[in-house]
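S.K.: Residue numbers (the working numbering), protein chains in the order written: chain A, 1 to 145; chain B, 1 to 144.
If you are wondering where the hints come from, they were derived from the structure by calculation, not from laboratory data. Incorrect hints may appear among the rest.
Each computed DSSO-like pair below joins lysine-lysine, with the alpha-carbon atoms no more than 30 Å apart [stated by the list, open to error]:
| no. | chain 1 | residue 1 | chain 2 | residue 2 |
| --- | --- | --- | --- | --- |
| 1 | A | Lys75 | B | Lys71 |
| 2 | B | Lys71 | A | Lys123 |
| 3 | A | Lys75 | A | Lys123 |
| 4 | A | Lys123 | B | Lys46 |
| 5 | B | Lys46 | B | Lys71 |
| 6 | A | Lys66 | B | Lys46 |
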Amino acid sequence: MATTTATITLSSADLLSDNLSLSSTMNLYQHGTTATGLEQLNYHRALLPVDGDFDLIAESAALSEKANYVYIINKNTDVTDYVIISINSEPIGRLYAGDWLFMPWDCDLTHATADSSIEVLPKVHDIHIEYALFHSGETLPTSGD
Amino acid sequence: MATTTATITLASSDIADNNLSISNTATLTTAGTDTGITETTGLARKKVATSSNTVLLYSGAGIAADVTADKSAKVYIKNINDRGDGTKWVNILLATVEIGRLYGGDFMFFPWSGGGGKDIEFTCESTSGTDATETTLEYTVFYE
Chain A
1 MATTTATITL SSADLLSDNL SLSSTMNLYQ HGTTATGLEQ LNYHRALLPV
51 DGDFDLIAES AALSEKANYV YIINKNTDVT DYVIISINSE PIGRLYAGDW
101 LFMPWDCDLT HATADSSIEV LPKVHDIHIE YALFHSGETL PTSGD
Chain B
1 MATTTATITL ASSDIADNNL SISNTATLTT AGTDTGITET TGLARKKVAT
51 SSNTVLLYSG AGIAADVTAD KSAKVYIKNI NDRGDGTKWV NILLATVEIG
101 RLYGGDFMFF PWSGGGGKDI EFTCESTSGT DATETTLEYT VFYE
């Protein structure tokens with residue numbers, strides 16, 4: 001097994017009347033285990049054409065009902081550029097230039113009409129994006145030849 | 001304006017042949033600008049012991065009334081419970097859409113479009129179904 005940690009630090013010296021300093025570290029473990037780490041990783045960089053609606057991370061039977069964690073960052077530098085992150089056509093939020101997200105992902109194949117793939121919609125300009133999926137298995141497409 | 005930063009570090013020495021070390025810092029700004037976000041809910045804690053669905057952030061009212069799709073908001077949520085054997089978790093939902101599972105000790109940080117009906121909700125679950133084990137979440141929202 002692998003040991004992978006995620007650490008977040010939220011800080012500000014002037015948002016409140018006192019310093020804000022929050023830090024947390026978690027281990028990325030497999031579902032149904034006390035402390036067995038996730039062993040598989042997909043890490044990509046892509047240029048997404050503006051206004052194109054894409055499945056960034058697609059559903060997969062082997063990902064279903066497991067522990068999956070997603071990291072996405074918008075690498076553009078123009079502050080007006082953003083990418084809309086959605087699941088099942090429901091917008092979660094916008095990642096503006098330099099913004100990132102880290103969240104668990106429930107690959108849910110139980111709803112016949114719903115698509116739990118993580119979708120992206122780049123706006124204003126083409127968007128350079130980096131993203132990672134930490135998981136314990138995915139179904140690869142069968143070779144067609 | 002205020003300066004608020006969010007830093008993520010993802011690290012592993014053995015998930016790949018070479019060390020994995022991803023680290024990035026985002027400065028939280030209003031939508032489409034480099035002006036810092038000036039409002040927050042502050043850090044809050046919610047404790048439940050129910051198998052029913054619970055609204056954590058009620059969109060379109062209260063503190064979340066200002067969170068809409070054309071603005072900027074970031075949400076942090078952490079499941080404070082112990083991990084145990086990894087068979088219990090909190091299912092985080094945006095309205096009726098499942099985002100993902102926070103096992104004990106897990107956190108998430110994500111942008112939130114908000115708007116009417118776009119509540120952030122959660123359900124305590126286990127491999128047996130919904131679960132009424134006492135569960136504590138900590139959360140905060142940064143918004144404009």
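S.K.: For every hint, state whether the structure bears it out.
M.R.: Outcome of the hint check:
no.	hint	in the structure
1	A:Lys75 with B:Lys71	20 Å, holds
2	B:Lys71 with A:Lys123	14 Å, holds
3	A:Lys75 with A:Lys123	13 Å, holds
4	A:Lys123 with B:Lys46	35 Å, violated
5	B:Lys46 with B:Lys71	26 Å, holds
6	A:Lys66 with B:Lys46	25 Å, holds
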